[in-house]
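Just need the whole structure built from these sequences, with the hints factored in.
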Amino acid sequence: MFDTVLPYLLSGISVGGQYALIAIGYTMVYGILRLINFAHGDVFMVAGILMVYISASGIPLYLSIPLVLIITAGVGFAIERVAYKPLRSAPRMSIMISAIGVSYTLQNLVLYVTGGLNQFYPSIPFISQSVTIGATSTRMVTLITPVLTLVLVIALVLLINHTKIGMAMRAVSKDFETSRLMGIKIDNVITVTFVIGSFLAGVGSILYFTNYSTVIQTSGAMPGLKAFVAAVFGGIGSVPGAVVGAFIIGICENLLKGMDTILIKAGLSKSMLGITTFSDAFTFALLIVILIVKPTGLFGEKQTEKV
Amino acid sequence: MSENVLHLENVTMQFGGVVAANDVCLDVNEGEIVALIGPNGAGKTTVFNVITGVYPPTNGRVTLRGKVIAEDQPRGKMRKLYAGGHAYEYPHTVNQTPDRITKLGMARTFQNIRLFKSMTVFENVLVAKHMNMKAGFFRTALHLNGAEERRMREDTLKLLEILDLTDVKDEIATALPYGKQRRLEIARALSTNPSMLLLDEPAAGMNPQETEELCAFIRQIKERFGLTVLLIEHDMNLVMDISDRIYVLNFGALIAEGTPAEIQQNPDVITAYLGVAET
Amino acid sequence: MIQAQPTIKPKKLDAATIITIAIIGVVYLLAFVLEQVMPATSMLFTVLKKGATYALVAVSMNLLNGFTGLFSLGQAGFMLIGSYAFAILTIPVAQRLSVYQYYDGGLVQFSLPWLVAIVLAGLFAALFAFLIGLPVLRLKSDYLAIATLGFAEIIRAIFQWDKIGTLTNGSNLLRLFPTFADFNVRDESGQVLVYWSTFVPFVIAGVCIAFILMLINSSYGRAFKAIRDDETAAEAMGINLAKHKMIAFCTSSFFAGVGGAMLAMYANSVQAKSFTTAMTYEILLIVVIGGIGSVTGSVMSAFLFVASSEWWLRFLDQEQMIGAWKVPLLRNGFRLVVFSLIIMAVVLFFRQGIMGSRELPDLFRKRHKLAGKGARKA
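Chains as they are written, first to last, in this note's numbering: chain H, 454 to 760; chain Y, 464 to 742; chain W, 1097 to 1474.
In case anyone wonders, no lab produced these hints; they're calculated from the structure. Be a bit skeptical, because a hint or two may be false.
[What the hints assert, rightly or not] Stretches of chain H that chain W covers, calculated by requiring three or more beta carbons in the stretch to come under 8 Å of a beta carbon on chain W:
#, region
1, 569-576
2, 642-655
3, 680-688
[Claimed, not checked] Chain H side only, calculated, beta carbon under 10 Å to chain W, not exhaustive:
#, residue
4, A536
5, F731
6, D733
All values reported here derive from a predicted model rather than from experimental measurement. From the three backbone atoms N, C-alpha and C, an ideal C-beta is built for every residue, glycine too.
Written out as structure tokens, the structure reads:
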């Protein structure tokens, strides 16, 4: 029984870590700007495409990986400057529409450049190696992802709690206006937030696409949406919350994918129930339940509006 | 002895660990003008918000002409945190929404003017009549309620005339000068046909001349529409001039109640506002 | 300047309105006449039919997002419900076996007239909206957006589930139901005598949009705008938020469902997987370009959008040669890139969109003393 569940559990932990790296970007940006960055999932996808093209142009991996990460961080920075900064004083709907516009633009740009054909992600030695655990065969990346994710998250939490810029970020997410009045350079804080978020999404994309190996312009949509749900689930604005939420979603989603098989193996069902189709919908159902039951998420704080 | 309109009993409002209003007891009777005063942050708007259903009280009861419109006692997490008085005497939970309370005849204005920004002066006042409309959704949507619509518009025009806003009726509400915006807020509240009016700092931002005009204005509409008025105000001239009775709040708790003359002499009130004299 | 006629009369039947009505009349006449004289396969009619459909859906979205201020991203889900409801209810009984080939002819074994089915399509969508709205409408704007988006995805997954395939045909497409082309009057040999296939969608969309316009100009419309401008104040003025939000949501979804039915009649086939979030995004962008808060804007923008994407900007997708020189950049997909950039430009620099919050008659009126006429900040 455990052998049947294990592969799904492992892939769940792995994809959970990848979602976590994306979710952090969502939660940090929302915490500071109260903006759902609809384009973040597409930045993740762009990182994947960049790797395909950069590595295809002959640059060796030890250079292309850092290059991809730097460029992705740059893309995040550029998007903020061009599409969000000018709308900072506009009503909330405008900036969200801008985010949707950026998402649409990124997808169309990639569609144009790639011609809509599946792009194959380069195989990165070591992490794409096969590894056997128990009776299951999986790849190195499945084991590395959670570890790497935790390391990066711990580093980020340390940064937020023990550095000056981290303190600035915390201040801005608590009270935007007052932080400005206290002399905090808002633009820098926002830039750092977007850069960190995009960088982590880049790391996430390397891990994710090593597993899934094809990249097209729509590859960022679902992971992006799921990562966002993870952020809301964990309590939007909270980095640890986003991570916990992401792992839970990754694991549940994969268990659901294998639910038909698991149920049959456990003798609880005679035929395939087709529950697998709902593994994606599960994430949204979870979102709706959370929004209704506890909108502030697992680790979020309640905020009352002053009338 | 005139009939009681509004009655607050042991109303406490607590946000997390902060007690914004503590055990407030308050009465407003028919035809009175009652003022609620106190230093900034004393909890006056909080009390308004409880009365109008914006916040459910943490503890206590509010009745409007005998009908309970808000009541509760500490529940859940608040049971441990509760720091007010008279807990657990109000077992029922009643929490009328603001729109229901307005329908019961109590209308309010806001401290920070909350006009409908995209609508004209005329439309702002007209929309307040929507709640009293008899026609149903389909009849209204298909414009089969012509007579009623015409009547609502006529009444709106009349009200604008009384409040001297006819000349600006087709301006976008936020384009008006500040004083007129305040008058529009009051006009809009009056448009709901209330019997009781709650004014939150109506004189905010006005100079002495405007405040005097406001004083006469409030008296005028009270007489004309047969209103009972409860107001929050900082301007002492206005308060002393216009009020029949005054309640004084400090740090969420009532420290004094009485006529203007009594309040002016009250040592606690003087301390609250001016501090203790140095000796 | 004091107006001669005070605003007692709800409708200003002034010159501007009359001109507008005349223009609309001419457009309808043209739509009919042109189809009789031009070749039926002309791109113009594709644009007109799809444009009318998208115009209705855009207006329905504007009602919710633009006029009531409820940022909902669930439109594609309600269009899907409407599409499926229409298709399922109108496939002729004789054809059901071939359409539902994996499901023994399917569950539904009757067939309704198209007009009844369109209304039912809207009603089903409105019903789903009611159920979804109960928990979701009290959420704050950003959360409402994601929740409705989530519901649309769930609906899409459910409609592809093969366990209910006897109703929905699972992941196979539905076809052979009545389409716009079926409205053409033919003689015995199959030759078309009178073309109605463009006029009918115009009429359907026109009637629906007229209802929405009337709603917006009624007391309920004012209540919706009040909710958009300031919820707290609206509630204080006696407007029941839950009830009115629900009315706006269900009305908008009803017409999204009707739009879905029209889409089915235009596309000749219905498949759940085409109703993606990208479709909702496109409708939202149409609304933004037209002007949030302008019905005219949504209609114009819908036709412009469809015309550009199906017809005018097609050339950007084809490789062009000037003499012996190949024009760079022009190849498949460039059209969408140009599109996206135009949209970003509008979102960033022309937030009012084409019409701001004005309607067609306002274009013909002399400028009043209205401060901020039409320049409501998007």
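>> Taking the earlier hints as the rules, which of them does this structure contradict?
In response: Per hint list: 1 and 2 violated.
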